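Engineer: Read top to bottom, the protein sequences are chains Y and C. Under my numbering, the first residue of the first sequence is numbered 54, with each subsequent residue one higher. Under my numbering, the first residue of the second sequence is numbered 1463, with each subsequent residue one higher.
Hints are computed from structural coordinates only; laboratory data are not their basis. You can trust all of the hints, since none of them are fake.
Listed next, the in silico DSS-like pairs over lysine-lysine satisfying Cα-Cα at most 25 Å (straight line):
1) C:K1706 / Y:K151
2) Y:K151 / Y:K190
3) C:K1593 / C:K1543
4) Y:K120 / C:K1705
5) Y:K190 / Y:K148
6) Y:K300 / C:K1705
7) Y:K120 / C:K1543
These figures come from a predicted structure and were not determined experimentally.
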Amino acid sequence: MNEQELYSAENELGLYVHAVREAKGYKMEDVCDGICSVPTMSRIEAGERVVDFLLIEALLDRMKIAKTEYEFVLDEDDYSAYKQRNDIKMLIQGKQFKEAEDCLAGYEKKYGGFELHQQFLYYQRAMLQKRKMPQDKSTIVELFHKAISVTVPDYEQKMEKREILSSTELVCVAEMIHCVDDVSVREKAYEKLYDYNQWCYQAEGFFPVSYRLAMQYYAECLYEKEQYEKCIRICDEVLEELYKTSKLENRCDVFVLRAKAREKLGFQNEEDRTNCIRDYLTAYYVIGFFDGEEQAEELKQYIGERYGWQYIV
Amino acid sequence: MAVYRIGEILRMKREALGISREKLCEMSGEICSPQTLYRIECGKVKVKRETYQQLMSCMGQLPERSYASIIVPKNQYLSIKSDIYDHLVFGEFEKAEEKLLLLEQMMDRSYPRNRQYLMKYKATLAYKLNKIDAEEYQRILVEALRCTIPQWDEIDMAEWPYNEQEMEIIFDILHTYHALNLDEKYLDACLKLKMNIERHYMDDDYYVTWKNTVHAIISWIISNRHQYEQSIEYCENGIEQLKKYRIVGNVNRLVYDIFWCTRQKYIESNLPEKEQAPCNRQLAQAYYLSVAQNLQSQSEFIRKKVKQFDIKELFFL
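Work the whole structure out from these sequences, hints included.
Structural biologist: This is how it looks when you write it as structure tokens:
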């Protein structure tokens, strides 16, 4: 298909997938592995087959296309499913667990028959469990493992062989490692993930969205292992990525972690000290703003007692 | 990413053009009946590809259903667009011009959205470099908009469903009203755009982002008219939503505006210095919200204000 055809009246969602894949030079079988068959994918790309929008999203996710890069006009069914998925994410984020569980049950009844929707359900149930009962690590691991196994049960080999994984799949990997108790095991696993992410960067020109989360966890390991300098460096990298998004995400946690690591490392000069307090204050004011004063209280006490109340208005 | 409902896009465009369902079906060579069109618009039946394309063409619209930010043939050029944007934000106009030229050579200009993109950015750069005045800038922007909305002059701005690129151009056009000292027109247009966005024809994230962009402008205009209470109300409304969606972008601006309005209010009512203390917390919040996003020019701006207002500098590391 040449470009002219691409811009013609046949412009369907699948044609966009084709254009992106050609531009980025991915092989069809790498992109669709575990998501759909190669013949199906070629029919999608030719605009001959209309599929569930979640499948389109999964293919774009494999190619690390950021959600801000495209816009779609969707059918009513697709739009309604898309909206329900967003509502579920919002409810979990807002810790409205009961409502989230009801929505998940409703979603499963309607779309549960299709594999990718199953992956979505496992993934969100894992996220819900993580927020609701973070100490129940075995359930969390099990759910993330079920989620990733829907598309890539062989993810470990894939990472070894440097084959592409989607951001969703990479988040599952990062979360599963996070549940391991032994810090040395965790550190090693994140190191591998770090190398894989660096490879993505070399091959694709940018980090997958999951990079931020994986590297935050990595930095936490390094802190536990008392490797403060490296911890700060990884925090810097994570924040660089976070600055590119308008979403808050976990940036306050990263600021606190960097401040703690700076503190442990000790201050050589006034600048070190300022940098450390600035990180604490950023976390304090931003948490206070988004989650309310009570949530920031502990941090306020700490900054006040250690560095003086004059820093806090 | 923005996601739109197909039926709603059809309905909004048809209504904005003042065409009845019967008329549109007739124009399309009876590709469907008015009853079917009604059901399509409500999302009760799935619209066939041919039907959608035919209906859109009859309204002088591109029949596309996916809008890539821009379409270029090679991987490395995908990042150029974000480079151009960054250069513009940091005021590195020469660099932006260089990259834009590179992109232009790669792009297929026969594609209207690409043409629109090039026109917008070329004009913006020329304007920033003082090569063209605000009037000429506005003229080119409107022309760019016509690439995808040929009926721009006939439609009511509040009624048309815009995509991201069109929305960006509209914001640029609004700013030219300010540059041309047409402040009354500026406010009117902003209020119209606010009405448009509040029709909520896009998905939530996108809705919240645009709504707050327009709220920030409106609150700024009315605060310049000393309507501080109203301005604060706009900001607070916006902040509440951004908090809900946990979006940090733009928040610093809204918090700063609240600070500024509250302070002006105190000054104009001659309250003693001590009463102004609650404002300082807002200023600190605005400052650290900028730091959390690494917005250096905005945090620097606040630091300058700190010196000017004689506030304890210790909070602003």
